[in-house]
Amino acid sequence: MPSQAVTLPEPAQLCKSEQRPSSLPVGPVVASLGNQTPTPNSTGSGQSAPSSSLTSPSHVNLSPNTVPDFSYSSSEDEFYDADEFYQSSSSPKRCMDSSGSAAVLTRSSTGSSLKRPDTTESLNSSMSNGTNDADLFDPPDDREDDGEGESVEEHKSVIMHLLSQVRLGMDLTKVVLPTFILERRSLLEMYADFFAHPDLFVSISDQKDPKERMVQVVKWYLSAFHAGRKGSVAKKPYNPILGEIFRCHWVLPGTEDDMEPVSEGPVPWVSKSNVTFVAEQVSHHPPISAFYAECFSKRIQFNAHIWTKSKFLGMSIGVHNIGQGCVTCLDHDEHYILTFPNGYGRSILTVPWIELGGECSINCSKTGYNASIVFHTKPFYGGKKHRITAEIFSPNDKKPFCSIEGEWNGVMYAKYSTGENAVFIDTKKMPTIKKKVRKLEDQDDFESRCLWKDVTYNLKIRDIDAATAAKHALEERQRAEARARKENETSWETRLFHEDGECWVYDEPLLKRLAASKH
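With the UniProt record's numbering, letter number 404 in the sequence shown gets 404, and the count goes up by one each step, no holes.
It is worth saying that the hints were derived from the structure and are not from the lab.
Hints are supplied without guarantee of correctness; some may be wrong.
To be verified - Restraint ranges, calculated between C-beta atoms of paired labels, are given here:
#	residue 1	residue 2	range
1	D333	V423	23 to 33 Å
2	K460	N488	31 to 41 Å
3	G382	D257	50 to 60 Å
What the hints assert, rightly or not - Below, simulated EDC-like cross-link-like pairs (lysine to aspartate or glutamate); rule was C-alpha separation at most 16 Å, straight line:
#	residue 1	residue 2
4	K434	D199
5	K208	E391
6	K219	E407
7	K453	D442
8	K415	E441
9	K415	D199
10	K434	D206
11	K366	D193
12	K415	D426
13	K428	D442
14	K384	E405
15	K385	E405
16	K219	D442
17	K385	E420
18	K434	E212
19	K219	D199
20	K219	E481
21	K378	E391
22	K378	E405
23	K436	E212
24	K384	E420
25	K429	D397
26	K219	D333
27	K378	D333
28	K272	E256
We put the CB at the ideal spot given by N, CA and C, even for glycine.
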């Protein structure tokens, strides 16, 4: 069966027990569960209405989405990925002792609270080693280098072994996943790529009228997908571990000299003009990631949660993203509820590549402006890859005032009702702004890069056996911690996010902090 012809199952109504792990509910983009709608507090105002003049968004009706039967999480007995397909202990490029390279963190990462470093102490500790300010953070991503661009052809025997275990519609956690298909970063870090153009994000609040703000939200949204793929070969990021955290920030052009510290928020040791980001794996069953970003000086924030479900579709893998995100412009009291597309890994026997597919929406209940966006999958015969079409509507209008078409990883063109035609976004000419991540020695044990450092290092040097062993040891520790919680009848406590209705929201969003400062 051609992979492009395979579609996700028909919509299914989820039962309450499937929606939440240990009596918890769910998260961000591609739409709500069934006909559920976001709660008034889903924008991050806390568990009670904010005590300020800023109001919470009205309920927004979102169309139901297709939900596959199986989740890309593990069963209670099999955490994270299934057991690996162990190859010979003599890898051609093995250059480290397996017992040493497989070593993972020994300190417990199950604490329920996030350690917030003292700003001065943290910076001074880094500076004390003779480093300068630029050395406080890890260098830019190097995922484009040697190990990431290889064809799967050289691993075809392992791929055939993998395919021998699957059938159409099968839960991918029942598949033996070879380590070499892993991308050298966590899924939580991949979500940070939504802000690879932070200047577009903060410019939303600069627009003078609601019409222009909606156009700018759509522009930022459509620019947010191309940065996630650095190479032509699609690889799978690490499945985040329960309680895992990823934090980073971006320095906006022209704000390099702004040193006024923000003191609170996701990254409380950077300046108020920076865009800051934090993500947390808040649930394992189902696998839910929550993430939050803000720019204090521009008074704008974004809160989202995503529940991923994957299925085997023949020669493709389909990933359904369930949940939603919300852009909040605090100065205008506007909340833009948006959903995310599905993802597909195509041509898994040769050179895998990623495409997006599905209908998404952006709605602002206060102003009435809304947008519909369609990510088109490539037809089996002919057609182009990565096509998108979008329409932006004024309140109560059935005809769009702006129509957009093009490729989400290329050029997109806009046609306005006035007759004007213009380039809407050209991702080929838009330089991304590199995120800044603190050095490993300054990170907490449960932060992504620190948590996965041994797996990442061995993948980089192409020691697949050592990477597999490091990954296996990390997962075994997590299984033991889960068994201990079950025996002690204790539940997992999230670090930075909490469940609010059908959403996961950041505990201390900018909206809540500013409201509290007025009293």
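Handout entry: Hinted pair K434 and E212, Cα distance within 16 Å
Key = violated (27 Å)
Exercise for the section: Determine whether the Cβ-Cβ distance between G382 and D257 falls within the hinted range of 50 to 60 Å. Expected result: Given range 50 to 60 Å: holds, Cβ gap about 53 Å.
Practice task
For the pair supplied as a hint, K366 and D193, confirm whether the alpha-carbon distance does not exceed 16 Å.
Solution key: Cα-Cα ~28 Å, so violated.
Exercise for the section: Could you check the hint for me, namely that D333 and V423 are 23 to 33 Å apart, CB to CB? Expected result: holds (32 Å)
Problem - Pair hint outcome, K385 versus E405 [Cα-Cα no greater than 16 Å] - result: Holds, because 13 Å separates the two Cα atoms, which is no more than 16 Å.
Handout entry: Straight-line alpha-carbon gap K429 to D397, limit 16 Å
Key = violated (33 Å)
Exercise for the section: Below or equal to 16 Å on CA atoms is what counts here, so check K385 against E420. Expected result: It is violated: about 26 Å lies between the C-alpha atoms, which goes past 16 Å.
Problem - Agreement of K434 and D199 with the hint, judged by alpha carbon distance not exceeding 16 Å - result: Roughly 12 Å separates the two Cα atoms, so the pair holds.
Practice task
Could you grab the alpha-carbon distance between K415 and D426 and see if it respects the 16 Å cut-off?
Solution key: holds (15 Å)
Problem - Pairwise hint evaluation, E405 against K384, where the allowed Cα distance is 16 Å at most - result: Roughly 12 Å separates the two Cα atoms, so the pair holds.
Exercise for the section: Take a quick look at whether K415 and E441 sit within 16 Å of each other, Cα to Cα. Expected result: violated (50 Å)
Exercise for the section: Verify the proposed pairing of K219 with D333, using a straight-line Cα cut of 16 Å. Expected result: violated (20 Å)
The structure does not agree with the numbered hints 5, 8, 9, 10, 11, 13, 16, 17, 18, 20, 21, 23, 24, 25, 26 and 27 stated previously, though it agrees with the rest.
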